[in-house]
Amino acid sequence: DAGITQSPRYKITETGRQVTLMCHQTWSHSYMFWYRQDLGHGLRLIYYSAAADITDKGEVPDGYVVSRSKTENFPLTLESATRSQTSVYFCASRAGQGEKLFFGSGTQLSVL
Amino acid sequence: GENVEQHPSTLSVQEGDSAVIKCTYSDSASNYFPWYKQELGKRPQLIIDIRSNVGEKKDQRIAVTLNKTAKHFSLHITETQPEDSAVYFCAASIAGNEKLTFGTGTRLTIIP
Chain V
224 DAGITQSPRY
234 KITETGRQVT
244 LMCHQTWSHS
254 YMFWYRQDLG
264 HGLRLIYYSA
274 AADITDKGEV
284 PDGYVVSRSK
294 TENFPLTLES
304 ATRSQTSVYF
314 CASRAGQGEK
324 LFFGSGTQLS
334 VL
Chain W
4 GENVEQHPST
14 LSVQEGDSAV
24 IKCTYSDSAS
34 NYFPWYKQEL
44 GKRPQLIIDI
54 RSNVGEKKDQ
64 RIAVTLNKTA
74 KHFSLHITET
84 QPEDSAVYFC
94 AASIAGNEKL
104 TFGTGTRLTI
114 IP
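Read top to bottom, the protein sequences are chains V and W. Note that the first sequence covers residues 224 to 335 in our numbering. Note that the second sequence covers residues 4 to 115 in our numbering.
Treat the hints as calculated values from the structure; they're not laboratory data. Heads up, the beta-carbon is just placed ideally off N, CA and C, and yes, glycines get one too. Honestly, I wouldn't trust all of these hints.
[Claimed, not checked] Derived DSS-like pairs (lysine-lysine); straight-line CA-CA distance at most 25 Å:
(1) V:323 <-> W:71
(2) V:323 <-> W:60
(3) W:25 <-> W:40
(4) W:61 <-> W:40
(5) W:25 <-> W:61
(6) W:40 <-> W:60
(7) V:323 <-> W:74
(8) V:280 <-> V:323
(9) W:25 <-> W:60
(10) W:25 <-> W:102
(11) W:45 <-> W:102
(12) W:40 <-> W:74
(13) V:234 <-> V:280
(14) V:323 <-> V:293
(15) W:61 <-> V:293
(16) V:293 <-> W:102
(17) W:74 <-> W:102
(18) W:45 <-> W:71
(19) V:323 <-> W:25
(20) W:74 <-> W:61
(21) W:45 <-> W:74
(22) V:293 <-> V:280
(23) V:323 <-> W:45
(24) W:74 <-> V:234
(25) W:71 <-> W:25
(26) W:102 <-> V:323
(27) W:25 <-> V:280
(28) V:293 <-> W:60
[Claimed, not checked] Short, incomplete list of chain W residues facing chain V, as computed with Cβ under 8 Å:
(29) 92
(30) 96
(31) 100
(32) 101
(33) 105
(34) 106
(35) 107
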C-alpha cells in the first residue's frame, strides 16, 4: 500500500560502509518493524518500535541500529556493512497488537 | 519466544486442484494467525487471517483452519489458478505482543 514507503529500492555498497535504509508511513501506526528476507529463512525480525522513542531488538539485531524520533519514520542503519547483510529488507507497520501488518515494497541491499 | 514451522517448503499442483499448506506454532498463548502471499519481486500481502476464538474462516477460494489443541493451522486454496503461484508465509502472534513470527515460506507453483 502507498501508505508505507521505503527508500532506496536498490542499494549496492561495500563492506565497512555505513548504510541507512529509510521507512516512512502515513497511517500514524504505532508499531513499526524491520524484517530481513533470506532464502530458507523466511522473514526475520531485526528491530521493532512500539511508539516514538521506543525501540526493541528482534531476532537478528546484531550489526543494525534503529531510531524513531517521529511516529512516521523508522530508519535502519547498518553501521559497518558486512557481506552477510546482503538481503532484502522490509519495513512494516501495524496500528496495534493483533492488527493487520502492512509491508513496504522492500529494499534490496547488496554488500560487496 | 514463539516458533513457527511451515510445511512443505515447495508445492506443485495442477491447475484446478486444491493446495494445502500447514504451520505449527509453539506458544499456546498465540492468538492471531495471518497468512501472507508474496509474488516474485513484490512485498508480502495479507490474504487471510484468523483469531484463536474461531476455528475456520473462508474468503472465496481460500480458507484457513485452526486447531488450538494441536497448535497448528492450515491454508487451503481450492480451484487453483496460475495467479495463485507465489510464496506463502504463515505467521503467529502471542496475545499482548506486537511482534509477528513468520514461518519459512512455501513456494506454490500451479501447473497449467
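(request) If any of the earlier hints don't hold here, list their numbers in rising order. (result) Of the numbered hints given earlier, those the structure breaks are 15, 18, 21, 24, 27 and 28, listed in rising order.
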